[in-house]
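Asker: As given, the protein sequences belong to chains H and Y, one line each in that order. Residue numbering for the first sequence follows the working numbering, beginning at 3 and increasing consecutively. Residue numbering for the second sequence follows the working numbering, beginning at 30 and increasing consecutively.
Hints are computed from structural coordinates only; laboratory data are not their basis. Careful: at least some of the hints might be erroneous.
Claimed, not checked - In silico negatives: residues of chain Y with every beta carbon more than 12 Å from chain H:
| hint | residue |
| --- | --- |
| 1 | Val80 |
| 2 | Ala136 |
| 3 | Leu151 |
| 4 | Val153 |
| 5 | Asp155 |
| 6 | Gly165 |
What the hints assert, rightly or not - Pairwise CB distance ranges, derived in the manner of DEER restraints:
| hint | chain 1 | residue 1 | chain 2 | residue 2 | range |
| --- | --- | --- | --- | --- | --- |
| 7 | H | Gly55 | Y | Asp207 | 20 to 28 Å |
| 8 | H | Leu69 | Y | Leu166 | 45 to 53 Å |
| 9 | Y | Arg236 | H | Leu62 | 18 to 26 Å |
| 10 | Y | Leu70 | H | Val65 | 15 to 23 Å |
Where a beta carbon is used, it is the ideal one built from N, C-alpha and C, also for glycine.
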Amino acid sequence: MRVAIYLTLVSAAVAAFLWGALVPALVLGGVKAALVGVAYMELHDAHPAHRAGFVLGVALLVVALALVA
Amino acid sequence: MALQTAAMESAALDGSVTATGGRRGILDPPGGLLLWIVVALELLVFAMIFVAVAHLRRTQGAAVRAGQAALDPRSGVVLTLVLVTSGWLAAEGVHAFRASRLERARACYAGAVGTGLIFAVLKVLDYASKIRAGLGLGVDDFWDYYFLATGFHFAHVLVGLALLAYAGSRMGRARFEDPETAVAGTALFWHMCDLAWFFLYPLFYARG
């Protein structure tokens, strides 16, 4: 599972580089952040409110950055 | 004896995770409440920096494009891959420690520190090359933001590396007063550095 997450993170990083544009890279950054939070920072094992709050926070950040930039 | 102590600590750490049957209370996040408060506050500061950089991209497009011409996106993605690899190794180390596989845990933490050091060296070389080219604080807003934002992140990387190295060096050799914070907490701080970089990379390197 952790290896699969790692390979997904690597793929997302390479995809952001190949795409080159800001908004797709921000969205992929958000996906990577959510994956790291849930899998590596172990929010999958946390109280559901922590997990939901983290993912919601990341999504809001991506939207805010896309709008401001 | 030390290994036995560490194995007991490891079991205790594992027990703290499963004590609630895999469902933690709202004041008991993985890695410890105090570390999560620190991480949340740090991520809030990073988020404000990200918004400031995004605003710079909108209001000073010409300066940003000129600055980005001196940044190589390939080096940016290499830094991302190095940091992602380090984070994965730290996560593997935590799980190995909990399973009382101390040799593997130490090896994973050593790998995490090693790849983290590669990131740090690459950033130092990046800063040095920019400064040699006459690009630094005071040149224009883009370079002010670049050095302050990535420098703030770099400071966190150095602290995270020190924490990982300390925790990794004590695994199986000395007793942790609080194994959850010592192992999972240090990894938690390190993953925060990953998260911040995931947004610094597009904000500074993405051209579109």
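Asker: Which numbered hints are broken by the structure, listed smallest first?
Answerer: 1, 8
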